[in-house]
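Asks: Spelled out, the chains give:
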Amino acid sequence: MGCSGSVPARSSGQSGGLNNLENAGSSDAKNLRVKLVLLGDSGVGKSCIVLRFVRGQFDPTSKVTVGASFLSQTIALQDSTTVKFEIWDTAGQERYAALAPLYYRGAAVAVVVYDITSPDSFNKAQYWVKELQKHGSPDIVMALVGNKADLHEKREVPAQDGIEYAEKNGMFFIETSAKTADNINQLFEEIAKRLPRPSPSS
Amino acid sequence: MENADVFLGLHDFLERMRQPSAADFVKSIKSFIVSFSNNAPDPERDSAAVQSFLANMEAAFRAHPLWAGCSEEELDSAGEGLEKYVMTKLFTRVFASIPDDVKTDEQLSEKIALVQQFVRPENLDIKASFQNETSWLLAQKELQKINMYKAPRDKLVCILNCCKVINNLLLNASIALNENPPGADEFLPVLIYVTIKANPPQLHSNLLYIQRYRRQSRLVGEAAYFFTNMLSAESFISNIDAQALSMEESEFERNMESAQALLSGLSADMDGLSNQNDESEGQISVEQLIQSKHQGVNSTKEKEHLTPVRSSESKSVKKVTFAKDQEPITKVPSLSELENKGATMLLKEEKASQVFQEYPYLFAQVGDLTISDVEDLLNNYKQLVFKYVCLSKGLGSATSSLPSSVLPSQVQLQVETMKAPEEHKRVELNDESEKDTSETNDSSNQVLNSNEEKVESQLPEDEEKVERGGKNDETSK
Ligand SMILES: Nc1nc2c(ncn2[C@@H]2O[C@H](COP(=O)(O)OP(=O)(O)O)[C@@H](O)[C@H]2O)c(=O)[nH]1
Ligand SMILES: [Mg+2]
Numbered sequence: 001m002g003c004s005g006s007v008p009a010r011s012s013g014q015s016g017g018l019n020n021l022e023n024a025g026s027s028d029a030k031n032l033r034v035k036l037v038l039l040g041d042s043g044v045g046k047s048c049i050v051l052r053f054v055r056g057q058f059d060p061t062s063k064v065t066v067g068a069s070f071l072s073q074t075i076a077l078q079d080s081t082t083v084k085f086e087i088w089d090t091a092g093q094e095r096y097a098a099l100a101p102l103y104y105r106g107a108a109v110a111v112v113v114y115d116i117t118s119p120d121s122f123n124k125a126q127y128w129v130k131e132l133q134k135h136g137s138p139d140i141v142m143a144l145v146g147n148k149a150d151l152h153e154k155r156e157v158p159a160q161d162g163i164e165y166a167e168k169n170g171m172f173f174i175e176t177s178a179k180t181a182d183n184i185n186q187l188f189e190e191i192a193k194r195l196p197r198p199s200p201s202s
Numbered sequence: 001m002e003n004a005d006v007f008l009g010l011h012d013f014l015e016r017m018r019q020p021s022a023a024d025f026v027k028s029i030k031s032f033i034v035s036f037s038n039n040a041p042d043p044e045r046d047s048a049a050v051q052s053f054l055a056n057m058e059a060a061f062r063a064h065p066l067w068a069g070c071s072e073e074e075l076d077s078a079g080e081g082l083e084k085y086v087m088t089k090l091f092t093r094v095f096a097s098i099p100d101d102v103k104t105d106e107q108l109s110e111k112i113a114l115v116q117q118f119v120r121p122e123n124l125d126i127k128a129s130f131q132n133e134t135s136w137l138l139a140q141k142e143l144q145k146i147n148m149y150k151a152p153r154d155k156l157v158c159i160l161n162c163c164k165v166i167n168n169l170l171l172n173a174s175i176a177l178n179e180n181p182p183g184a185d186e187f188l189p190v191l192i193y194v195t196i197k198a199n200p201p202q203l204h205s206n207l208l209y210i211q212r213y214r215r216q217s218r219l220v221g222e223a224a225y226f227f228t229n230m231l232s233a234e235s236f237i238s239n240i241d242a243q244a245l246s247m248e249e250s251e252f253e254r255n256m257e258s259a260q261a262l263l264s265g266l267s268a269d270m271d272g273l274s275n276q277n278d279e280s281e282g283q284i285s286v287e288q289l290i291q292s293k294h295q296g297v298n299s300t301k302e303k304e305h306l307t308p309v310r311s312s313e314s315k316s317v318k319k320v321t322f323a324k325d326q327e328p329i330t331k332v333p334s335l336s337e338l339e340n341k342g343a344t345m346l347l348k349e350e351k352a353s354q355v356f357q358e359y360p361y362l363f364a365q366v367g368d369l370t371i372s373d374v375e376d377l378l379n380n381y382k383q384l385v386f387k388y389v390c391l392s393k394g395l396g397s398a399t400s401s402l403p404s405s406v407l408p409s410q411v412q413l414q415v416e417t418m419k420a421p422e423e424h425k426r427v428e429l430n431d432e433s434e435k436d437t438s439e440t441n442d443s444s445n446q447v448l449n450s451n452e453e454k455v456e457s458q459l460p461e462d463e464e465k466v467e468r469g470g471k472n473d474e475t476s477k
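Protein chains in written order, with my numbering: chain A, 1 to 202; chain B, 1 to 477.
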């Protein structure tokens, strides 16, 4: 089953083939380059969210994706700056949980995803937030995402719980649906706005 | 060839270094390399020194008239060339240079050798629909090439190629199944499985080496992501216990013990077989055949013939092997025994190359092939793999996973070596054998580094007494 019901075998956010080793431009004040790590239980929709985001705004005729584990996507903001997200997926299975610090080390953004129909996944999200607070870099931008918002009839985690938890922990909160594409772009735009900007002088 | 571009980078870099105006660069590079021989290994300090040296030199290139008007790509390629040159020279001095790392390598490799006997894809959450052991052999192969190279970038490329193979396989499977493209949930478990099956040589040291000596500004983006996955695979593997594989404690213990028993039986076999390559139990006579060729190339540089150097050795080995058979591990002749026998026969054969004549692609060079050959080649390849795997299975499961070495690329490599040893890429702008710190015990690495990739590059002398016969002047001594 695909994220959206369609059969999108191709995608394109890819900046280059796997052997493209060169540093494709570095950050400056106008063009940020940002490492974003995805955390959350298996099945909450991390891959779908990223594919939605990356597919939505790219010419699908360019490159065949190498998968959804690493994708990059650049967005342009109103102030004519651009942000290139390099999105690092992490394995959500329990046996790999201890490996997560290798991935979020040095990340500028952490997106913690849960499924609004699964209280377990909300608990797991809280676990990740605590981990990040303990071991992540102190100025990391964190977003809490309640996904599968289209499944409101099966909702088990009230939006209010997400809002409150995020507020208490200084995070940005949003509910999304990768299926309907609801709030997907907003998620990344809001993150982009919250990024610390390097001072133009440096 | 995957690394051709960087090879060109090195070539271009060396060309520029031969310009009179580069004399200062040459001096700094040489004195930097020499400075290393004065100190005992200290990974932290060494890595910091290399990183800042590379950064400073790159900045200096950028500001220098030699690169005036050059594009970012050209500057980047100069940086790659410099990194490759410096690290090739420092390799023996900084790679696996402290006892702790060597020990970790050994422990990891021993553990993998045990775990690979019984781990199943299910133990790692690899979905049945994504399981494809035959194709994973290709990914294993890429990882096993890691010690053929000295430069951090080249080693990194082995890892990235492995990841690429896995990704392509997963992607194809997901398309066939009409599922989402594979994410980390699908990718990481397969990478771990492939790594266990490959048991790449000196994994820990290789990863540390890349981490320390690959120029940091170039270990970013996608390369950084996949490299992190490799680190993560190493970490997972070194901590594998019953729980990590969702096994009962007792079941895990039992598996480890019988793997141990099997291995000690096998290694008794192997001890006799191989006295030069202790890295990988799985590397057997086809490999030996190749290695003996490479040794020949490396040490004598003379035109080669298939000489029966090893046949007598191999024969005496046979006896040892069969003597050991009282330990009832191998009742049927094992795959390695069969292969060994065949290789020995081949070595004795007068015109060994004629045996291969009916395999049309074996003597082909990359340039000879056209796109229309791909289908044919692929079919040939699939048949070969299928036959091979069936044979292995037929011989019993214990041996089936051992030799992943019978893949066309290797056979081809061997034949190429046999056919055209003079075509090896070598950069020798200037033969100065004195005062080169890293060349002294280079011979210890000859087995590890394929001749094909050996870059014995030289910077010109400080004063310019550069005489240059041709591009590949092998005879300038
Ligand atoms: N209804 C609905 N299903 C979703 C949504 N996002 C993902 N899914 C489904 O949830 C399952 C797991 O999604 P996936 O992206 O693979 O989760 P991951 O393991 O976190 O990467 C898939 O079957 C998706 O089709 C969503 O927003 N709404
Ligand atoms: Mg996923």
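One or more of the hints may lead you astray.
Heads up, incomplete: computed chain A residues facing chain B, CB under 7 Å, no partners named [what the hints assert, rightly or not]:
1. Ser-47
2. Arg-95
3. Leu-99
4. Ser-137
5. Asp-139
6. Ala-143
7. Phe-172
8. Phe-173
In silico DSBU-like pairs for lysine-lysine, Cα to Cα no more than 30 Å straight-line [as the list claims (entries may be wrong)]:
9. B:Lys-127 with A:Lys-179
10. B:Lys-164 with A:Lys-84
11. B:Lys-164 with A:Lys-179
12. A:Lys-154 with A:Lys-84
13. A:Lys-179 with A:Lys-154
14. B:Lys-127 with B:Lys-141
15. B:Lys-164 with B:Lys-111
16. B:Lys-127 with A:Lys-154
17. A:Lys-193 with A:Lys-130
18. A:Lys-168 with A:Lys-84
19. A:Lys-84 with A:Lys-30
20. A:Lys-134 with A:Lys-84
Which stretches of chain A does chain B cover? Using the computed rule of at least three CB atoms under 8 Å from a CB of chain B, they are [stated by the list, open to error]:
21. 68-74
22. 82-89
No wet-lab data here; the hints were simulated from the structure.
Where is the CB? At the ideal position from N, CA and C, for every residue including glycine.
Asks: Would the hint on Leu-99 of chain A stand, with a C-beta cut-off of 7 Å toward chain B?
Replies: This hint holds: Leu-99 of chain A lies near chain B, its Cβ roughly 4 Å from the closest one there, short of 7 Å.
Asks: Hey, does the Phe-172 of chain A contact hint survive, CB to chain B under 7 Å?
Replies: Violated, because the Cβ-Cβ distance from Phe-172 of chain A to chain B comes to roughly 23 Å (cut-off 7 Å).
Asks: Was the hint right that Ser-47 of chain A lines chain B, CB cutoff 7 Å?
Replies: 4 Å, holds
Asks: Below or equal to 30 Å on CA atoms is what counts here, so check Lys-164 of chain B against Lys-179 of chain A.
Replies: Given pair Lys-164 of chain B, Lys-179 of chain A holds - Cα atoms ~28 Å apart, limit 30 Å.
Asks: Keeping to a limit of 30 Å between CA atoms, is the pair of Lys-127 of chain B and Lys-179 of chain A held or broken?
Replies: 23 Å, holds
Asks: Is Lys-134 of chain A close enough to Lys-84 of chain A, meaning Cα to Cα at most 30 Å?
Replies: 27 Å, holds
Asks: Are three or more residues of the stretch 82-89 of chain A within 8 Å, CB to CB, of chain B?
Replies: holds (count 3)
Asks: How does the stretch 68-74 of chain A fare against chain B when you require at least three residues with a CB closer than 8 Å, holds or violated?
Replies: holds (count 4)
Asks: Check whether the Cα positions of Lys-127 of chain B and Lys-141 of chain B lie no farther apart than 30 Å.
Replies: 22 Å, holds
Asks: Assess, step by step, whether the Cα of Lys-164 of chain B is no farther than 30 Å from the Cα of Lys-84 of chain A, and give holds or violated.
Replies: Status holds; Cα separation ~23 Å.
Asks: Sort out whether Lys-111 of chain B lies within 30 Å of Lys-164 of chain B, counting only the CA atoms.
Replies: Judged against 30 Å, a Cα distance of about 26 Å means the pair holds.
Asks: Quick check on Ala-143 of chain A please, does its C-beta sit within 7 Å of some C-beta on chain B?
Replies: 18 Å, violated
Violated hints, listed in ascending order, are 4, 5, 6, 7, 8, 12; each of the other numbered hints is respected by the structure.
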